[in-house]
Structure formats: C-alpha cells, structure tokens
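Using the hints, position chain B against chain A.
Now for the letters of each chain:
Protein chains: 2
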Amino acid sequence: MESASKEKEIMGKLVIVGSVAFDAIETPIDKTGKILGGAGTYIGLAAHQFAVDSAVVSVVGNDFPQEYIDLFSERGINTDGLEVVKDGKTFFWSGRYHNDMNSRDTLETQLNVLENFDPQVPKAYRDAEVVMLGNLHPLVQLGVIEQMTAPKLIVLDTMNFWMDNALNDLKRVITKVDVITINDEEARQLSGEHSLVKASRAIQEMGPKTVVIKKGEHGALLFQGDEMFFAPALPLEEVFDPTGAGDTFAGGFTGYLAQTEDYSFKNMKRAIIYASNLASFCVEEFGTERLQNLKKQEVKKRLKVFEKLTQFHIDLT
Amino acid sequence: MESASKEKEIMGKLVIVGSVAFDAIETPIDKTGKILGGAGTYIGLAAHQFAVDSAVVSVVGNDFPQEYIDLFSERGINTDGLEVVKDGKTFFWSGRYHNDMNSRDTLETQLNVLENFDPQVPKAYRDAEVVMLGNLHPLVQLGVIEQMTAPKLIVLDTMNFWMDNALNDLKRVITKVDVITINDEEARQLSGEHSLVKASRAIQEMGPKTVVIKKGEHGALLFQGDEMFFAPALPLEEVFDPTGAGDTFAGGFTGYLAQTEDYSFKNMKRAIIYASNLASFCVEEFGTERLQNLKKQEVKKRLKVFEKLTQFHIDLT
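Taken in sequence, the protein lines are chains A and B. Every letter in the first sequence is one number past the one before it in the numbering used here, and letter 222, counting from 1, is 254. Every letter in the second sequence is one number past the one before it in the numbering used here, and letter 212, counting from 1, is 244.
Since the hints were derived computationally from the structure, they do not count as laboratory data. Fair warning: there could be bad hints in the mix.
No copy is singled out in the list; a pair is fine if it fits within one copy or between any two copies.
[Claimed, not checked] In silico DSS-like pairs for lysine-lysine, Cα to Cα no more than 30 Å straight-line:
#, residue 1, residue 2
1, LYS298, LYS332
2, LYS332, LYS230
3, LYS336, LYS45
4, LYS63, LYS230
5, LYS155, LYS184
6, LYS333, LYS241
7, LYS121, LYS63
8, LYS208, LYS45
9, LYS333, LYS230
10, LYS340, LYS208
11, LYS298, LYS333
12, LYS45, LYS241
13, LYS340, LYS184
14, LYS155, LYS118
15, LYS247, LYS332
16, LYS230, LYS327
17, LYS247, LYS230
18, LYS203, LYS298
19, LYS336, LYS230
20, LYS328, LYS230
Here chain A stands alone, though its shape is the one from the complex (with noise of 0.2 Å):
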C-alpha cells in the first residue's frame, strides 16, 4: 500500500460500486461452472487499465474464495470496501445466452448476501473524484453517494428490473448523478420516448446531464445537451460470452476519466472509444477470462482499429 500511497498524487480515485459474484453461463458452444462474475468485478477490471486508485465497496459470502480477493488486489483494487459476510452466500447468477448471443434467459437468481447489503465507503477513498455505480437498488446507490465528500463525477448504470420494482427510488438517485448509463430499451421505458434522441433529452431533464446510450453489438451514444457522439462496437468474427460487457465499458468510461481527471465532453468522446474498446475484449471469453490477463500494448492496439474503423476526412470547407 505504500507505493499506492505515494503515487495518490498522480492517480486520479475511483469508488467502485456493484455485485461481485458467481455466474453460471451457457452459450449455444460451451458452459462453464460457478465462475467469477459480478458488475463490481468487471467494472473493476476494465478499470485497471488505467492508472487509477480503485476501490470496489460490494459484499460477497463465506463461500467467495480468497484466490478471487488476491485478484483484485493483484490488479490494484483496492478491497477495505468488500465485506464478507461470515455466514452468508454470495450473490449468484445463471443465465443462457440464445442463439444470436443478443438475448437470453436468466435461469437462476440468488440475491444472498446482496439483499442487505449495506455498502461502506472506505474512509481512504470518500474524497475520490469519480463514482461509478453499478447496477443494484437505487438506495443502495444513493447511500454510496451520501458518503462521498467531494464527487466530481458520479455515474450510474441502472436496469429495467428497477424501473419495474422501484421507480421512485430510481428518480430519486439520478437527480444526484452527472452521467447514467442505461440500454436502449431502457432509455425508452425510463423516458417513454421511442427516438433515442428524444429519450436522451427527456432523461437529462431527470437530472443527469450525460445519458450514455448502450445498444450492444450496434454500439453506444452519448449525448449532452445539443452535443451527440457515437462509438461503434467492434465488428467481431465471433463473440463467445456477452456476459459482464455492458460493466466492463461503464469500467472503460470511468477509469479512463478518472485517470485524465477531465470531465469534459470532449474527453468523454475518448472516454466512450475506450470502454468500446474494453467490452470488445471482454466478450471474446468467457466472463472474466479476457480481461485478466488483458494487456496495455493489446488495448493501444485495438485502439487504432478503432480509429481506422471511423475517422474518415472530407473537405467541408
């Protein structure tokens, strides 16, 4: 920790809210067994890839191994925020991907250890700059962003599952946060508004002043009042588990922006190439797998096919 202390300076802090988990994934080619999962995993490790002094605030059970703890701690996450609980489970998910990879069946849920769950802010990490919250209850997001002291840019992820259960809560939290991250259909159901446009507004007028419009293998939208841009996914040759990407860009977004501390729109742009970048890594494997053991020089270098697949010139003067 002491070199983490030293280099506090240089590293912008990133408080790292979400589920660390087990999944269990099917896919019309393979399966695994209970295998790490978790939005709080993946967004933690996406934002490894940048030099940010992360900290992920989450529960998990007395059945959570310590070789996943030392994981975390191996990439640099911090973990005084993970609590265990002696005698519960952790969170578990399984899920079956269809044969497009589009969409799928949750086959089991157990919310476990996650259904009181009552996060905790290390004191250490409370003056962290950036917040990201993962997708779980509003309250529960709400109460991560009570304990912060000086939040430049707080980003929420969120799911249809709370517009259906806890709607209120929901509007509640997202007037306290500068960016919400949300799916397509999602934009549609929180802002009754078909057009993504028309939604995007309508979502700003909540609160958020940055709605960033997640629409899978067709790509993502930012949008900031007049402002607009777009970053494609990756086209792939195959995507092998989709499973943890939509957390691995909301890691990208945030880690990138807590490492450049500029919260501009127009650092945001890079923010979003970099999280297409991250999650077009993340499904190439299943869960985590990828991202692990994902390197620098291989992201700078999906980078530039990212740059070759959309910059173009044309004279318009």
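Coordinates of chain B only, in the frame set by chain A:
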C-alpha cells in the same frame, strides 16, 4: 443537353437501373395515396446531389404522369433509358410500417410492366464508369452489365427475395460486380454466417471485392479485404417514413464515387458517409419529398454533424 455535353469532361457518368414506381405508404402517424417511388427514383434523386451525368434505366406504364418524367429531367437525370409501355401499368407497391418503424408488412405488390422488363442502356451511357444496379431480378442486372463497355465500378443492391427465389442467378451476377450492398439479415442469409465480419468475408469470396452491409438505424459497414469502416446512421428525433432509405444510401454512395472517379477504399469511406447522410434526409418526409428539394447547403451542414458525431482524437503514439 448542350451544357451537359460541355460538362461531360468533368462529370463522371452514372448508369442507374432500378424500379420507377408508385408507392402507397402507411405509417403509425399518417398515410399517402399513390406517390412516386421505386429504387431507381431514390437512387437518381440521391445521385443528383453530386456533379454526375446520370441516366435511369427502367420501365413504367401509360399511367405514369409526364410531370414525374419531367421531375427526373429537371434534376439532371437522363430518361432516354426509361421505357414507357403504352398498354402497361406502372409497378405498384404498398406497405404498412409497424410502430417501431423498423419493420413493415407489404400490403400489395403489382409487378405490372416490371414483369417483362428488358433494360436498354442508352448508347451515350454505355461507356459510364459507374453502374448502380438497384434491386431487381439478377438476370435483369446481368443484362445491364453486358451492355456496358468500360465499367470501372459496378455496384449491386439485392434482397432476400432473390436469395429465396433466384439464388443461382444471383450468385452468377455477383461474380461480376465490384461492390454489393445488402442489409445485415440478407448478408447472414447469403453467407450462412451470423458474424458480419465472417459474412462479409464469405461474400467477398463469391465475387465482390467490397461488401457494404446496411444496418438501417444502426448504420452501415464497409468491408474490403482486411479493411473495415463504419458509418453510423444519424440519430434522429423522428423517423417519418423509412421507405427508400436503402436506395438513397446506394445513390449517395455511387453518386459520390461517380463524381470523384476515385474508387479507392479511402474514398469509399467518404462515399458511405455521404450515403448515410443522404439517407438521414430521406426518412424525414414521405417518399421522395425530402430528396426532391434537398439543398446542397443542407447536405454540407449535416456532414458537419456526422463529423462531430464520429471524430475523436486519442494520442496513440
């Protein structure tokens, strides 16, 4: 025609083959009576945005109003190859869009004069460098190719209908084209591959060196060998009528290439940005209304929006 003849040296020639038709369109918002439609019409009106000497090769019946033929001429589209069948009726299509505007039901199709269409490219256009083969029977498309004396770029658009009903003929004609434009589902059907990267590679092996995959509101992908480029669709506040967007895209693509006479991959990237740009106007009003009166200044202004939507700078040194 004198001025056209004078300008011939600086304007590329473009031969457009495609239906010239009547459409009747219903959307959740409104409906039309019989209006001007057809792939050849949309392609021609889109190509009119560029400095090209274009000719439409098609067929209509005696019910086709002179004012529509005048409309082509006024927009610099030569109609010497537009056959008028004295005792025939013009091709008619009617359809109804669903609420999401992404899918539609065909209510009625009357092939009429299109059934026995024998395309004749006017002599003065047989030396055109660029040929845009709109969606028609593959053997009609082949018939046009055979009349061309020195084509440098043959672009073919097609649909699942021909894959279902004339696959061998389609496969024969696509061995002779440089570029194929199809939508994502059609690319999957033609190649048997779900991944669009793999699909484009399989289709390239069938003949066309360049594959353009149109994804509607999700943009378009351009593939050539190992090169790949993506043009987003412009996110719009409202899609009023999607009819003709794909044909407008094709007309923008070939119009730009015919004007610039540069068939490199680099220039094709610009061409699909122009194509997406023009398609974004097409859907703003019923049928061809928006395209008929579209000003160059509007096109240029929206190109700047495309630039802002997609261009970023990340230092990758």
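Okay, the hints, checked on the actual structure:
no. : hint              : in the structure
1   : LYS298 <-> LYS332 : both (19 Å within a copy, 23 Å between copies)
2   : LYS332 <-> LYS230 : between (34 Å within a copy, 24 Å between copies)
3   : LYS336 <-> LYS45  : within (27 Å within a copy, 36 Å between copies)
4   : LYS63 <-> LYS230  : between (40 Å within a copy, 23 Å between copies)
5   : LYS155 <-> LYS184 : within (17 Å within a copy, 68 Å between copies)
6   : LYS333 <-> LYS241 : between (32 Å within a copy, 26 Å between copies)
7   : LYS121 <-> LYS63  : within (22 Å within a copy, 58 Å between copies)
8   : LYS208 <-> LYS45  : within (19 Å within a copy, 58 Å between copies)
9   : LYS333 <-> LYS230 : between (36 Å within a copy, 21 Å between copies)
10  : LYS340 <-> LYS208 : between (37 Å within a copy, 28 Å between copies)
11  : LYS298 <-> LYS333 : both (22 Å within a copy, 21 Å between copies)
12  : LYS45 <-> LYS241  : within (22 Å within a copy, 49 Å between copies)
13  : LYS340 <-> LYS184 : between (33 Å within a copy, 26 Å between copies)
14  : LYS155 <-> LYS118 : within (22 Å within a copy, 86 Å between copies)
15  : LYS247 <-> LYS332 : both (23 Å within a copy, 28 Å between copies)
16  : LYS230 <-> LYS327 : between (39 Å within a copy, 26 Å between copies)
17  : LYS247 <-> LYS230 : both (16 Å within a copy, 21 Å between copies)
18  : LYS203 <-> LYS298 : within (27 Å within a copy, 46 Å between copies)
19  : LYS336 <-> LYS230 : between (32 Å within a copy, 21 Å between copies)
20  : LYS328 <-> LYS230 : between (37 Å within a copy, 27 Å between copies)
This entry satisfies every hint, going by the numbered hints stated previously.
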